[in-house]
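J.: The residues making up each chain are set out below.
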Amino acid sequence: MTDKTVASTNAPAQGEVALLPPVDVIEDASGITLYADLPGVAKDKLHLQVEADTLEISGEMSLEIRDGMESTHVEVGSPRFKRVFTLSKELDCEKVTAEFDQGVLKLRIPKAIHAQPRKVEIRVG
Amino acid sequence: MLYRTLFPRDLFAELDRMQRVLQQSYDPSPSIRGFERGGYPALNVGSTPQSVEIYAFAPGLDPALIDVQIEKGVLTIAGERKIERPSVDDKTTQHLDERFAGRFRRVLTLPDDVDANAVSARYRDGVLHISIQRRAAAQPRRIAIQ
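Residue numbers (our numbering), protein chains in the order written: chain A, 422 to 546; chain B, 2 to 147.
One should not assume that every hint holds.
[To be verified] Sample of chain B residues with no beta-carbon within 12 Å of chain A, all distances over it, derived: (1) L23; (2) G40; (3) V46; (4) Q51; (5) P64; (6) Q70; (7) K73; (8) G74; (9) E81; (10) E85; (11) D113; (12) N118; (13) A138; (14) R142; (15) I144; (16) Q147.
[To be verified] No more than 20 Å apart at the CA atoms, straight line, and that leaves these computed lysine-lysine pairs for PhoX-like: (17) K464(A) <-> K527(A); (18) K516(A) <-> K540(A); (19) K527(A) <-> K83(B); (20) K516(A) <-> K527(A); (21) K92(B) <-> K532(A); (22) K92(B) <-> K540(A); (23) K527(A) <-> K466(A); (24) K516(A) <-> K532(A).
Bear in mind the hints are in silico, worked out from the structure with no lab data behind them.
From a predicted model like this one, the values you see are computed outputs, not experimental measurements.
Think of the CB as a built atom: it goes at the ideal place given N, C-alpha and C, for glycine as much as any other residue.
Here chain A stands alone, though its shape is the one from the complex (with noise of 0.2 Å):
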């Protein structure tokens, strides 16, 4: 991968505007837990990847559009999300769990057990 594309892997391609899927991230000790709000995108037009160190997201909404209809007031204004994350070494990419349930993805991604906390002690002496 030449320097180029990492630079672009934010953003879209060419001519396709995507949303940013509003999200929370949460971390404990074993992992990290991340929620994510994709309305309108179904199971199966959910996509998920993790290559290398970057985690995506990108779904595609599917609505159901009257014919003829015109659109008066507009929120929503493109029906793709997409959101890049960089993740860090001690992440478990192999463990990554997923659950979609009404438009709301929760993602577990879980710390490599050798990376998880030890206490150290210090000794005074």
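Knowing the structure of chain A, use the given hints to seat chain B on it.
T.: Only chain B this time, still in chain A's reference frame:
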């Protein structure tokens, strides 16, 4: 809640947002209900000759707890969004906190010709789709010339 787009690709959306901000500060008499962008759930509204279609982007709700009412030509969508939060202790850190949580209420003035008794509402994949029929008398009719 406004779903942001990535700035470099979507300069026009960003300009649009700036223009709205400017309009807000210069408009001396905005609508009394101040129907503006940025609330939760985000709303898209469309219209066809037969109906008014409203899409409320409200992910992760229990459909039984969404309150949708039409009264005197005003549609109200209200409810509460509870989201899982970690128990606050010294071992958890919340790095990003962008999703809406809490009570919400959005109010929308409907066109005059809608029939409040012909409404259907469906909740699927986190989107509430409300379809309200227009009254038959208000629909365009072709008039035959004799």
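J.: Each of the hints needs a verdict: does it hold here or not?
T.: Hints, verified against the model:
In this structure L23(B) is separated from chain A by more than 12 Å, as the shortest Cβ-Cβ distance comes to about 18 Å. With a least CB separation of 9 Å from chain A, G40(B) falls inside the 12 Å interface cut-off, contrary to its annotation. Its beta-carbon lying about 4 Å from the closest one in chain A, V46(B) breaks the requirement of being farther than 12 Å from that chain. Not every C-beta of chain A lies more than 12 Å from that of Q51(B), the closest at about 8 Å, which undercuts listing it as non-interface.
Consistency note on P64(B): stated as away from chain A, yet its beta-carbon is not over 12 Å from all of that chain's, at 8 Å minimum. With 12 Å as the threshold on Cβ separation, the claim that Q70(B) sits away from chain A holds: the shortest Cβ distance comes to roughly 19 Å. Every CB of chain A is more than 12 Å from the CB of K73(B) (nearest about 20 Å), matching its label as outside the interface. The beta carbon of G74(B) is kept farther than 12 Å from every beta carbon of chain A, the shortest such distance being approximately 16 Å.
With 12 Å as the threshold on Cβ separation, the claim that E81(B) sits away from chain A holds: the shortest Cβ distance comes to roughly 15 Å. A Cβ of chain A approaches the Cβ of E85(B) within 12 Å, the least distance being about 7 Å, so the stated non-interface status is violated. Taking the minimum C-beta to C-beta distance to chain A, about 14 Å, the non-interface status of D113(B) holds against the 12 Å cut. With a least beta-carbon separation of about 19 Å from chain A, N118(B) lies farther than 12 Å from that chain, consistent with its non-interface assignment.
For A138(B), the shortest C-beta to C-beta distance to chain A comes to about 20 Å, beyond the 12 Å cut-off, and the non-interface label holds. Remark: the non-interface label on R142(B) is consistent with the geometry, its nearest Cβ contact in chain A lying 16 Å away (cut-off 12 Å). At roughly 21 Å, the least C-beta separation between I144(B) and chain A is larger than 12 Å, which holds for a residue marked as non-interface. Listed as a non-interface residue, Q147(B) keeps its Cβ farther than 12 Å from every Cβ of chain A; the least gap is roughly 29 Å.
Among the hinted pairs, K464(A) with K527(A) is consistent with the structure: their alpha-carbon atoms are about 13 Å apart, no more than 20 Å. A C-alpha spacing of about 24 Å is found between K516(A) and K540(A), which places the hinted pair above 20 Å, so the restraint is violated. For the proposed pair K527(A) and K83(B), the alpha carbon gap of about 15 Å is at most 20 Å, so the pair holds. Restraint check for K516(A) and K527(A): the C-alpha separation of about 14 Å stays at or below 20 Å, so the hint holds.
Taking the CA atoms of K92(B) and K532(A), the gap is near 14 Å; set against the 20 Å cutoff, the hint holds. Taken as a hint, the K92(B) and K540(A) pair is honoured in the structure, with Cα atoms around 13 Å apart against an allowance of 20 Å. Distance restraint check for K527(A) and K466(A): the Cα-Cα separation of roughly 16 Å lies within the 20 Å cut-off, and the hinted pair is therefore satisfied. Proximity of K516(A) to K532(A) is assessed by CA-CA distance (about 9 Å); at most 20 Å being required, the pair is judged to hold.
Of the numbered hints given earlier, the model fails hints 2, 3, 4, 5, 10 and 18; all others are met.
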